[in-house]
Amino acid sequence: MPSTLTEPTDRVDGSGNLPTAPRTPATAGVALRMERTAAQPLAGGDADTDPAAEPAVDLRDVSVYYGSFRAVKNITFDVPPNAITSLIGPSGSGKSTLLRAVNRMNDLIPGTRFEGEVLYHGENLYAEQVDPVEVRRRIGMVFQKPNPFPKSIYDNVAFGPRINGFRGKLDEVVESSLRRAALWDEVKDKLKQSGLALSGGQQQRLCIARAIAVQPEIILMDEPASALDPRSTLQIEELMSELKKNYTIIIVTHNMQQAARASDYTVFMNMGEDRAGYIVERSRTTDIFTNPKHQMTEDYVSGRFG
Amino acid sequence: MTTASRALPRSLHRTGGADWRGLLFHGLLLVSLVFSLLILFTLITDVLMRGLPVFQERGADFLTRPTSSSPARSGVAQGIFGTLMMAIFVSVVAFPLGIMTAIYLEEYAPDNRLTRLINVNIRNLAGVPSVVYGLLGLSIFVLALGPLTGGKSMIAGGLTLSALVLPIVIITSAEAIRAVPHSLREAGYGVGASRWEVTRLLVLPNAAPGILTGTVLSLSRALGETAPLLLAGAVLGGFSTGSRGLREQLFSDYTVLPVTIFDWSRRAQAEFRDLTAAAIIVLLVITLFANAVAIILRNRYERSW
Chain Z
2 MPSTLTEPTD RVDGSGNLPT APRTPATAGV ALRMERTAAQ PLAGGDADTD
52 PAAEPAVDLR DVSVYYGSFR AVKNITFDVP PNAITSLIGP SGSGKSTLLR
102 AVNRMNDLIP GTRFEGEVLY HGENLYAEQV DPVEVRRRIG MVFQKPNPFP
152 KSIYDNVAFG PRINGFRGKL DEVVESSLRR AALWDEVKDK LKQSGLALSG
202 GQQQRLCIAR AIAVQPEIIL MDEPASALDP RSTLQIEELM SELKKNYTII
252 IVTHNMQQAA RASDYTVFMN MGEDRAGYIV ERSRTTDIFT NPKHQMTEDY
302 VSGRFG
Chain D
96 MTTASRALPR SLHRTGGADW RGLLFHGLLL VSLVFSLLIL FTLITDVLMR
146 GLPVFQERGA DFLTRPTSSS PARSGVAQGI FGTLMMAIFV SVVAFPLGIM
196 TAIYLEEYAP DNRLTRLINV NIRNLAGVPS VVYGLLGLSI FVLALGPLTG
246 GKSMIAGGLT LSALVLPIVI ITSAEAIRAV PHSLREAGYG VGASRWEVTR
296 LLVLPNAAPG ILTGTVLSLS RALGETAPLL LAGAVLGGFS TGSRGLREQL
346 FSDYTVLPVT IFDWSRRAQA EFRDLTAAAI IVLLVITLFA NAVAIILRNR
396 YERSW
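As they're listed, the protein sequences go chains Z and D.
One rule links them: number in this note's numbering = place in the first sequence (from 1) + 1.
One rule links them: number in this note's numbering = place in the second sequence (from 1) + 95.
Derived from the structure by calculation, the hints contain no laboratory data.
Heads up, a few of these hints could be off.
To be verified - Chain D regions said to be covered by chain Z (calculated; three or more residues, Cβ under 8 Å):
| hint | stretch |
| --- | --- |
| 1 | 146-152 |
| 2 | 276-282 |
| 3 | 296-302 |
Don't be surprised by glycine CBs; every beta carbon is placed ideally from N, CA and C.
Bound conformation, chain Z alone (with noise of 0.2 Å):
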């Protein structure tokens, strides 16, 4: 792989910051209530990043509290546009809040604080003119256990783009979504079915359409395939590295394998002695199965604790 990244640093301190070019100026802070333009793809699913790609999305000295409890601490980060980005790690180590902290979802949960900024576009996701429900249209996000509402599936492709004001041929946005979920040749014949009839993995792909439908630049999947069995778990894989092409995914997942097969980064957590989740390492994925930089990395992903 032709690798015009820079050696990815890895600090231990949690900062596994890649040395990008330099950051796009702030744009204005109305942005996130303008008509979003649609993400532009960059040429190919290649992972490989154009060097002075903005990142998607940049994590600066992010802490999340649970009340009085530290979730996770001092997380620096950036995510490569067009790219799958893994995070990895022992339960309790933050993945999922991590994850979640992204696109403000954590918002939701009673007594969560966050504390750090989080760049898209120059603009910190945290501040305080921004819209959190904007911000989720802008990063979508697929869940752990597949949830297509108790409607038809065409009502839950077509609920996001309904919400958003969408003007415009609503069967097209459907049917481009289902086709991008790998979802369309299964279930053109009964769009009217309730999405609750379908199977796991075809529900979880449902979800997936339904995220893809609002046109978000970014996807966040926690375990997306840990329902799953292994089949629907391909698919779902497969997935990915199609959208890829036109979307940014950042992916929660306790499959090594996965990681290993469907990520073109990964970042993996561990718990620290305050019980705090922080980043060991960070790097292209290749590098951190196969070169990992510290010993707790090899340990992990060799199978000997996690």
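With the hints as your guide, set chain D onto chain Z.
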């Protein structure tokens, strides 16, 4: 087979002694069920045996006449009218207030000490004896607000019953809302829905069957109440509605079926015993009807989802 030679630690065969405790428990459960059904059966047959002849004898006449001192000319028209008006009052006042309160408490209120205090108190209010609500109705809706409600009027009675069922409506609605899975809300937020959109498009339609069941059960409860309305001005005995229009009737004398039943059951003439039974049948039919409506509405909602 190697396993065949291995002796089982215990025989798989039934041992001689039966599981006496299990059987006893089973029997007790059955007896409880039969006992409950027997009581219900006795009550209903008694009421039907006494009440049905009244309908055979007088037919619709019994339903359309006002209460009178003479059993032969007494009817339940005023009671039916009052009870239906109470149902409308409760539906219009207590249901929206209660359901909206529940939505606020479950979806909007911050989870702090004040909210928990309010929740606990609403639960306690639901356990307050209905006669206490009667006193509340008497002091507030009849006396304090007398100039507005017309004193011992249908409005005062309707408001009293609404206050009585309000905590029940809030609790059952809140429980139905709480039962909507959290994952559904997250799914909504995940595609950029606002709290209002999640509540309106996902939570409420999903909670609707439960809310409906709870509200209509509380309606049945309200329609069966006697004590609070005796305090809040329902008329025992006959009264004349004359040629008053609906608007005037709202502000004047009224009675409801349970009060009519209570009244008749205390009359000296033996004929009133049968009239009481007949009035009970009418009340039962009305509450069963209300329940049937709830079930039909609930099924319709469940199907469309």
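Hints, verified against the model:
1. Coverage of the stretch 146-152 of chain D by chain Z is violated [criterion: at least 3 residues with CB-CB distance below 8 Å; count 0].
2. Evaluation of the coverage hint for the stretch 276-282 of chain D: fulfilled, as 6 residues show C-beta separations to chain Z shorter than 8 Å, against a requirement of three.
3. Under a criterion of three residues with beta carbons nearer than 8 Å to beta carbons of chain Z, the stated coverage of the stretch 296-302 of chain D is upheld, 3 such residues being counted.
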